[in-house]
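Student: For the protein sequence lines, the chains are S and F, in the order given.
Note that my numbering has the first sequence beginning at 49, numbered continuously upward.
Note that my numbering has the second sequence beginning at 55, numbered continuously upward.
Treat the hints loosely; a few may be bogus.
To be verified - Within a straight-line C-alpha distance of at most 20 angstroms, the following computed EDC-like cross-link-like pairs (lysine to aspartate or glutamate) qualify:
1) F:111 / S:74
2) F:111 / S:51
3) S:118 / S:74
4) S:84 / S:51
5) S:115 / S:102
6) S:116 / S:51
What the hints contain is simulated information worked out from the structure, not anything from laboratory work.
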Amino acid sequence: GEDVEQSLFLSVREGDSSVINCTYTDSSSTYLYWYKQEPGAGLQLLTYIFSNMDMKQDQRLTVLLNKKDKHLSLRIADTQTGDSAIYFCAEGPMYGGSQGNLIFGKGTKLSVKP
Amino acid sequence: KAGVTQTPRYLIKTRGQQVTLSCSPISGHRSVSWYQQTPGQGLQFLFEYFSETQRNKGNFPGRFSGRQFSNSRSEMNVSTLELGDSALYLCASSMAQFLDGTDTQYFGPGTRLTVL
Chain S
49 GEDVEQSLFL
59 SVREGDSSVI
69 NCTYTDSSST
79 YLYWYKQEPG
89 AGLQLLTYIF
99 SNMDMKQDQR
109 LTVLLNKKDK
119 HLSLRIADTQ
129 TGDSAIYFCA
139 EGPMYGGSQG
149 NLIFGKGTKL
159 SVKP
Chain F
55 KAGVTQTPRY
65 LIKTRGQQVT
75 LSCSPISGHR
85 SVSWYQQTPG
95 QGLQFLFEYF
105 SETQRNKGNF
115 PGRFSGRQFS
125 NSRSEMNVST
135 LELGDSALYL
145 CASSMAQFLD
155 GTDTQYFGPG
165 TRLTVL
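Next up, chain F with everything else stripped away, as it sits in the complex (with noise of 0.2 angstroms):
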């Protein structure tokens, strides 16, 4: 069964840009969930879609989006990227079978966004 994937792998960006980023769960998972990764403030949860609606959203200002297709690949946009945007950006599939917090979450090789 493949794996969580993310695409671009690597992405440099200038200030005042957007991106989007693009993950692919695993067959058959349902919930996404983004996290951003930096060396100062670790990782961070950003939000979770689960069926096409953001389940669960964390501390982030509202340039940072996501959205959920039918097939349950998500993207998530950042708009008007400033310099501590730079991070690696990790996206986690689960099955979201249980409501009880047991389904495992894979995570992908995340996107290391770099911006100028």
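Next up, chain S with everything else stripped away, as it sits in the complex (with noise of 0.2 angstroms):
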């Protein structure tokens, strides 16, 4: 079935890059998605990537994406104490469907350290 697996901690110091990887099993996919939580609060979209894309840049944000493993990765330059949170990788949809069920991993909690 579909999966979406992360490791569970990341720590890095500030100013380092943080590198998150994340691997999934559905290949239909359209988009790949980054989100950040915080503490209490909900998600905030990052960035994603549509599934014929190998990479995307965004600021500090790169996205690399590697179909044939079914690998992607997210890369943050310069990471800042502000960064850590829990980041959650997502597949979906098929294509021509809902945005609605977006598959989550389990999140990678990334802490910096001063």
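Make the complex out of the two chains shown on their own, each in a separate frame, by following the hints.
Tutor: Okay, structure coming up:
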């Protein structure tokens, strides 16, 4: 069945780059997403990539997609303490489907040490 | 523009009771989705409503139901509550203008439900 997997924890020092990895199983997904969740808050969409792209850059964020290996990564350059949060990878939907049924990973908790 | 709002933010119920959660989407958004977030299972899709019709449904028992009103506001109901229903329930809205999934989902802060 559909599944999205991520490592649970990542710790980096302020100013370093963070790389959060994700693997997914549904090759029919149209888009892959990265969401951020801060304590006590809902999810904030950070960025997304269309499934036929290899890379997308948005300011400090770089998304890399290896469709053959079904591997997605999010790189945060110059990581700041404010980036400390849980990051969720999500896939979906099938082309032509509604966006409502995203499949999420369990989230990677990023801790940034000053 | 106001974001997605969910009420109440916190709720405590006992087993066997029922509960209704409310979600007001961003103005102009026609699609509302509901997700359950627990430490063990993570984020799981419950259902999606568009123009008052349920368009997608996740793998949850019939105790979980929802509806959408003509103003796009949505409610979800859980009957005969179980301890395992304790979770953060998140609502997300999107304009649903496009069928290719390019609409962005905006999430509310969630309702924290505790079942005792």
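Student: Of all the hints numbered above, which does this structure not satisfy? Sort the numbers upward.
Tutor: Structure breaks no hint.
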